[in-house]
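Visitor: Here is how the chains run, residue by residue.
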Amino acid sequence: MSENRQLDFAEAIREAIRQEMKRDKTVFVLGEDVGKFGGIFGCTKGLQEEFGEERIRDTPISETAIIGAAVGAAVTGMHPIAELEFMDFIGCGMDQVFNQMAKIRYMFGGSMNVPVVLRTPCGSRYPVACGAAHHSQSLEAWFIHVPGLKVAVPSTPYDAKGLLISAIRGQDPVLFVEHKLLYYAKRMPKLREPYPTLISQVPEEPYTIPFGKADIKRPGEDITLIATMMMVHKALRVAEDLAKTGVSVEVVDPRTLVPFDKETITNSVKKTGRVVVASEDAKTGGVAAEIATTIMEEAFDYLDAPVRRVSAMDLPIPYAPALESTVVPQEHHIKDAILQLIDQK
Amino acid sequence: MELDKQTLLQMYRNMLRIRYFEERLAEESAQGNIPGLLHLYVGEEAVAVGACTPLRKEDYITSTHRGHGHCIAKGGELRRMMAELFAKETGYCKGRGGSMHIAAPDIGIVGCSAIAGAGIPIAAGVGLSAKMRGTDQVCVSFFGDGASNTGAFHEGMNLAAVWKLPVIYVLENNMYAISVSASKSTKLRNISDRAGAYGMFSAVADGMDVLSVYQAVSEAVARARRGEGPTIVECKTYRFRGHHEGDPKKGETYRTKEEMQEWEKRDAIQKLADKLVKDGQASQAELDKIKQETIKEVADAVTFAKESPSPRPEDVSSYLFMS
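So the protein lines, in turn, are chains A and B. Quick note on my numbering: the first sequence kicks off at 1 and runs consecutively. Quick note on my numbering: the second sequence kicks off at 1 and runs consecutively.
None of these hints come from the bench; they were simulated from the model. Errors might be hidden in some of the hints.
To be verified - Cross-link-like lysine-lysine pairs, in silico, DSS-like; alpha carbons within 27 Å at most: (1) A:K22 x B:K257; (2) B:K289 x A:K25; (3) A:K25 x B:K164; (4) A:K36 x B:K164; (5) A:K271 x A:K213; (6) B:K306 x A:K36; (7) B:K296 x B:K306; (8) A:K36 x A:K25; (9) B:K271 x B:K88; (10) B:K57 x A:K45; (11) B:K306 x A:K45; (12) A:K45 x A:K22; (13) B:K275 x B:K296; (14) B:K296 x B:K184; (15) B:K271 x A:K22; (16) B:K271 x B:K296; (17) B:K131 x A:K25.
Unchecked claim - Examples of chain A residues toward chain B, derived with CB under 10 Å: (18) L30; (19) D33; (20) G46; (21) L47; (22) S62; (23) A69; (24) A74; (25) V75; (26) F108.
We treat Cβ as the ideally placed atom computed from N, Cα and C, and that holds for glycine.
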């Protein structure tokens, strides 16, 4: 392995797809603009030239047909990777996600597997581009609510490659959520400079990261900060900043929401006694609510203060940058939540 | 198209298996022995049997909430079908699916979905899989006139057509989406006219004549195996019972008694029996023997189902994920 192979998130995703397609002929990609265009965020760039139009399939704008066709192919021996250009579009194909892909294995008594990997970009692109109400949402909470789907929410290029290879090699349906700001690091100094963790060392050889195994991104003693996707990078900046004032923050990244690693999170909470959960989806009924409740059930006796959520306001994502950055949690929101908790003796 | 005697008698037997299986189900349901809803296929048997007879074991079907007939016609065992309906561990889906969710991948039944139209894009994916794996398998996708007005119909048809997938879309036009007449849902007399809009082939068959369905689907299957793409085969048919077994007076609230009686006179099972006897291809005694054997087969399936164990609550979490 080369010693210092630095990839960004899109490169890691592309490498995982490419290596798995070389390994297994049943793996193929379908979605809007995945061919010559290389995917709306460049994740399949160059793959159609390498694998041809049969295996890197451009589709019509038909989310129901994209996901439905992936399901049909998956139950008959193929391993499709379906790409939805924006998570906001998933509603157009929702029946195939929550009634078909998620339920087939259980309702048919385990008689068939549905190895679909459904990749989709989520999240606000502030300050890179303002996507507004239909190109900025984080809807992963909808899918943890549907039994039968595994949900990955990777934050780093290293995790993205390992988790995606696990997803492709697995036999279960996976919703693979990719925060849009993660993609851009190499192309955008404006992101790379404040968030150097957006680029990571990634081994060239294929490797897997198991689902249901959280990762402690930064060890600490005073408070547990649980964060997903882009919020991990914001959390790491806040932790760095607070370390200078003597506050030791442990940043824990669940990496997958289904299955969810209760053990790592509970152990961290037992150590620190204080928890902030930072998740970019809307607060009500959101990912942070679920994690907070799980902590209450599993580690209530160890808590020295109530769990705090840092999530998006319960509003559509507005267009104006000043409004978008108010709705979507930023570093100062995380920092304020931590300081308030630390003050609660 | 000449069919041999054995195939004709097998078609007769399969239509009877569906009819007797379901009539028995209605009785068992009335006695409170079936825990779930029943959407019976009685009257439409010619469609399932005509469409599945040209298929091989390794070909696929997708089915619907009204799927018993399709599964039996594709080779489903009555014992395991009945056990599923009785919610038993020995059923096709171990009692997790029930009437509207039967699958048997080893005989190509990739599943019944209770969401109208959902099987249409899934069938496109099944066809894509066959094509990409380089086999000449085909997929028959059953759905009704009601499902033809969903968005899934449009997206699935378009994809199957543009990718020339080996799929036969069998549109069972029984004229009612629960209670709403197709004439109130579409301007078209033949819904299959929409095929032209997708650049695909279409045919209209008499869904009350198993040979008419067989012929139309056979041609579509041959075309699909040659790699020439999908076809919509619209089968004009009629359900003799209500939308489900709780539908008052078998649906007389939205259709006339006269209309129902007219269609019942066209019973496809009797039609085939009359033809076989008239053409000298079978004697009445042979047909009666098949009837008796089928009645016994259904009774045996009910005994099997009743004697089978229920799923255990401690196993409720099994099968959600492979790993």
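Visitor: Please verify whether K289 (chain B) and K25 (chain A) have alpha carbons no more than 27 Å apart.
Guide: violated (51 Å)
Visitor: Holds or violated: K271 (chain B) and K88 (chain B), Cα atoms, limit 27 Å.
Guide: Violated - the C-alpha atoms of K88 (chain B) and K271 (chain B) are around 36 Å apart, more than 27 Å.
Visitor: With a cut-off of 10 Å, does the beta carbon of L47 (chain A) approach a beta carbon of chain B closely enough for the hint to hold?
Guide: violated (16 Å)
Visitor: With a cut-off of 10 Å on the beta carbons, see whether L30 (chain A) makes it to chain B.
Guide: holds (8 Å)
Visitor: Holds or violated: K306 (chain B) with K36 (chain A), Cα cutoff 27 Å?
Guide: violated (58 Å)
Visitor: So if I understand the rule, the pair passes when the alpha-carbon distance is 27 Å or less; does K36 (chain A) with K25 (chain A) pass?
Guide: Holds, at roughly 20 Å.
Visitor: Sort out whether K45 (chain A) lies within 27 Å of K57 (chain B), counting only the CA atoms.
Guide: violated (40 Å)
Visitor: For the restraint on D33 (chain A), tell me whether the closest CB of chain B is nearer than 10 Å.
Guide: violated (16 Å)
Visitor: Regarding the hint that G46 (chain A) lies at the interface with chain B, is the smallest CB-CB distance below 10 Å?
Guide: violated (21 Å)
Visitor: Next pair to validate is K306 (chain B) with K45 (chain A); report whether the Cα-Cα distance is within 27 Å.
Guide: Not satisfied, since the Cα-Cα distance of roughly 58 Å exceeds 27 Å.
Visitor: Compare the distance between the alpha carbons of K25 (chain A) and K164 (chain B) with 27 Å, and conclude whether the hinted pair is satisfied.
Guide: The hint holds at about 21 Å.
Visitor: Holds or violated: K131 (chain B) and K25 (chain A), Cα atoms, limit 27 Å.
Guide: holds (13 Å)
Comparing the model with each earlier hint shows violations of hints 1, 2, 6, 9, 10, 11, 14, 15, 19, 20, 21; every other hint is respected.
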